[in-house]
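Peer 1: Top line first, the protein sequences correspond to chains L and A.
Quick note: the first sequence uses this note's numbering, first residue 1, plus one each step.
Quick note: the second sequence uses this note's numbering, first residue 1, plus one each step.
Honestly, the hints are just simulated from the structure, not real lab data.
Treat the hints with caution; some may be incorrect.
Because identical chains cannot be distinguished in the list, a pair is counted as satisfied if it fits within a single copy or across any two copies.
[Said to hold, decoys possible] Using 35 Å as the maximum straight-line C-alpha spacing, the simulated DSBU-like pairs for lysine-lysine come out as follows:
| id | residue 1 | residue 2 |
| --- | --- | --- |
| 1 | Lys-20 | Lys-189 |
| 2 | Lys-108 | Lys-245 |
| 3 | Lys-80 | Lys-240 |
| 4 | Lys-240 | Lys-69 |
| 5 | Lys-26 | Lys-80 |
| 6 | Lys-233 | Lys-80 |
| 7 | Lys-189 | Lys-26 |
| 8 | Lys-80 | Lys-69 |
| 9 | Lys-16 | Lys-245 |
| 10 | Lys-98 | Lys-189 |
| 11 | Lys-80 | Lys-152 |
| 12 | Lys-137 | Lys-69 |
| 13 | Lys-98 | Lys-233 |
| 14 | Lys-240 | Lys-26 |
Protein chains: 2
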Amino acid sequence: MPPLPVVEVIPVGGIKRIRKGDDLGKVIADAVQAQGTPVRDGDIVVVTQKVVSKSEGRLVELAGVRPGKRAVALASELGKDPRMVELVLRESTRVVRKGHGVLITQTKHGFVCANAGIDMSNVEAGYAALLPVDSDKSSRKIRRRLERETGKRLAVIVSDTFGRPWREGQTDVAVGCSGISPLDRLVGKTDPYGYVLRVTQPAVVDEVAAAAELVMTKLSMVPVALVRGVSYKRGESGVKSIVRKRSLDLFR
Amino acid sequence: MPPLPVVEVIPVGGIKRIRKGDDLGKVIADAVQAQGTPVRDGDIVVVTQKVVSKSEGRLVELAGVRPGKRAVALASELGKDPRMVELVLRESTRVVRKGHGVLITQTKHGFVCANAGIDMSNVEAGYAALLPVDSDKSSRKIRRRLERETGKRLAVIVSDTFGRPWREGQTDVAVGCSGISPLDRLVGKTDPYGYVLRVTQPAVVDEVAAAAELVMTKLSMVPVALVRGVSYKRGESGVKSIVRKRSLDLFR
Numbered sequence: 001m002p003p004l005p006v007v008e009v010i011p012v013g014g015i016k017r018i019r020k021g022d023d024l025g026k027v028i029a030d031a032v033q034a035q036g037t038p039v040r041d042g043d044i045v046v047v048t049q050k051v052v053s054k055s056e057g058r059l060v061e062l063a064g065v066r067p068g069k070r071a072v073a074l075a076s077e078l079g080k081d082p083r084m085v086e087l088v089l090r091e092s093t094r095v096v097r098k099g100h101g102v103l104i105t106q107t108k109h110g111f112v113c114a115n116a117g118i119d120m121s122n123v124e125a126g127y128a129a130l131l132p133v134d135s136d137k138s139s140r141k142i143r144r145r146l147e148r149e150t151g152k153r154l155a156v157i158v159s160d161t162f163g164r165p166w167r168e169g170q171t172d173v174a175v176g177c178s179g180i181s182p183l184d185r186l187v188g189k190t191d192p193y194g195y196v197l198r199v200t201q202p203a204v205v206d207e208v209a210a211a212a213e214l215v216m217t218k219l220s221m222v223p224v225a226l227v228r229g230v231s232y233k234r235g236e237s238g239v240k241s242i243v244r245k246r247s248l249d250l251f252r
Numbered sequence: 001m002p003p004l005p006v007v008e009v010i011p012v013g014g015i016k017r018i019r020k021g022d023d024l025g026k027v028i029a030d031a032v033q034a035q036g037t038p039v040r041d042g043d044i045v046v047v048t049q050k051v052v053s054k055s056e057g058r059l060v061e062l063a064g065v066r067p068g069k070r071a072v073a074l075a076s077e078l079g080k081d082p083r084m085v086e087l088v089l090r091e092s093t094r095v096v097r098k099g100h101g102v103l104i105t106q107t108k109h110g111f112v113c114a115n116a117g118i119d120m121s122n123v124e125a126g127y128a129a130l131l132p133v134d135s136d137k138s139s140r141k142i143r144r145r146l147e148r149e150t151g152k153r154l155a156v157i158v159s160d161t162f163g164r165p166w167r168e169g170q171t172d173v174a175v176g177c178s179g180i181s182p183l184d185r186l187v188g189k190t191d192p193y194g195y196v197l198r199v200t201q202p203a204v205v206d207e208v209a210a211a212a213e214l215v216m217t218k219l220s221m222v223p224v225a226l227v228r229g230v231s232y233k234r235g236e237s238g239v240k241s242i243v244r245k246r247s248l249d250l251f252r
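So here's chain L without its partners, still in its complex pose:
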């Protein structure tokens, strides 16, 4: 029996602080080359949302934000900075839950998460980073640039750190993807015991994002990882295609 394929998660360091307008695809291509881990065909390049947002100019200086009445009231209720709440409301289509100092909203992308994915870690003091406007499109742009630069067929995932109901702690999930189908559809296939799988659709992009986080924690200045050896389908439906419809959602 040939050995089973191993998955490798390779951190990519040596990336400078990213600023608005930086060509992220080029920066990543240079970094993997410089550290001696050039990309190979099929590699999945995971990029944290923070550097994507920076390159796209999605940083907002809090001092310049004028909170409206609703933001002031919510901030007071939850013990939050009213300017931050104002940004959250601007990036959201609705508030899903609030309480215990936590504000869960639905973003314009359809994601349900704390603070519309806005946070202040790993940015210059006094600034907040918003999610990319269209993180599937951001992924596509980075993938195309990286493929052109390296001559390899790649997939790109933009990841962010989300909390979840029912469990403490956070995991990284995909907020955008390109060159990879977000779900590995097994529905209708048969397991080794002859049972037809009815609902199983591993969310491979979220599992890859979680795996990547293992080598790029928030303290380490590693905003990119290569995930190598994953069997996946190519596709361009994006993470937006796995946002559950509100009409089918039991928790919205």
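Given chain L, work out where chain A should sit, using these hints.
Peer 2: Frame of chain L, contents of chain A only:
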């Protein structure tokens, strides 16, 4: 600068069909040896819930289950097998949501998931597999046996495939762990920009479970994976310690 540490996810194949009473720690020790990937100090051994449940005799023949009134009514409402619903109710402390053919309950462990984690894939026809009674304890038992057998310091995670609100698809999460602290606590630490992280606690056990799934899909008969190179803290608080208190949970 020394190269950054790579994480490897190594599938473990060649594992026979597990039956009640099988010594899973010994089976895994033999399998990693046989395939030429002996464990090393610090390796995290991820074991799917299904084989743990089998070794612990947690299979139930559906033909022998007599559904009660509540199960019959719920099954009819949701279009499910009443015997299956009866098992779900027996393993649960409460129904959290129902609708669209889905039954979300809180298990006796405190997990909130579909069908109390019970399913019929990868088991003999006509049987359903329940979650282990205490999956942290199961993890500990496997870890100790594996450590005795191999002479290495290890961590063990028992994983299962859970759906999630708001997104289609499933990811593997930890339902039990031993030798590893489930959260990698960063709270109060300072990021490279000087920002004090306030809520960040990566759920390393869930990220490792997700990474492991990438090499052991339901169709491949790979119920075990080694995850090597992850930086983690040892601990015995178990997955039960990250179940959010109901009083703090906005979605229960």
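Peer 1: Taking the hints in turn, state whether each one holds.
Peer 2: Status of each hint after checking the structure:
{"no.": "1", "hint": "Lys-20 x Lys-189", "in the structure": "between (46 Å within a copy, 27 Å between copies)"}
{"no.": "2", "hint": "Lys-108 x Lys-245", "in the structure": "both (14 Å within a copy, 30 Å between copies)"}
{"no.": "3", "hint": "Lys-80 x Lys-240", "in the structure": "both (29 Å within a copy, 30 Å between copies)"}
{"no.": "4", "hint": "Lys-240 x Lys-69", "in the structure": "within (31 Å within a copy, 41 Å between copies)"}
{"no.": "5", "hint": "Lys-26 x Lys-80", "in the structure": "neither (38 Å within a copy, 52 Å between copies)"}
{"no.": "6", "hint": "Lys-233 x Lys-80", "in the structure": "between (42 Å within a copy, 32 Å between copies)"}
{"no.": "7", "hint": "Lys-189 x Lys-26", "in the structure": "between (40 Å within a copy, 31 Å between copies)"}
{"no.": "8", "hint": "Lys-80 x Lys-69", "in the structure": "within (14 Å within a copy, 48 Å between copies)"}
{"no.": "9", "hint": "Lys-16 x Lys-245", "in the structure": "neither (39 Å within a copy, 41 Å between copies)"}
{"no.": "10", "hint": "Lys-98 x Lys-189", "in the structure": "between (41 Å within a copy, 26 Å between copies)"}
{"no.": "11", "hint": "Lys-80 x Lys-152", "in the structure": "neither (46 Å within a copy, 47 Å between copies)"}
{"no.": "12", "hint": "Lys-137 x Lys-69", "in the structure": "within (33 Å within a copy, 51 Å between copies)"}
{"no.": "13", "hint": "Lys-98 x Lys-233", "in the structure": "between (38 Å within a copy, 32 Å between copies)"}
{"no.": "14", "hint": "Lys-240 x Lys-26", "in the structure": "within (26 Å within a copy, 44 Å between copies)"}
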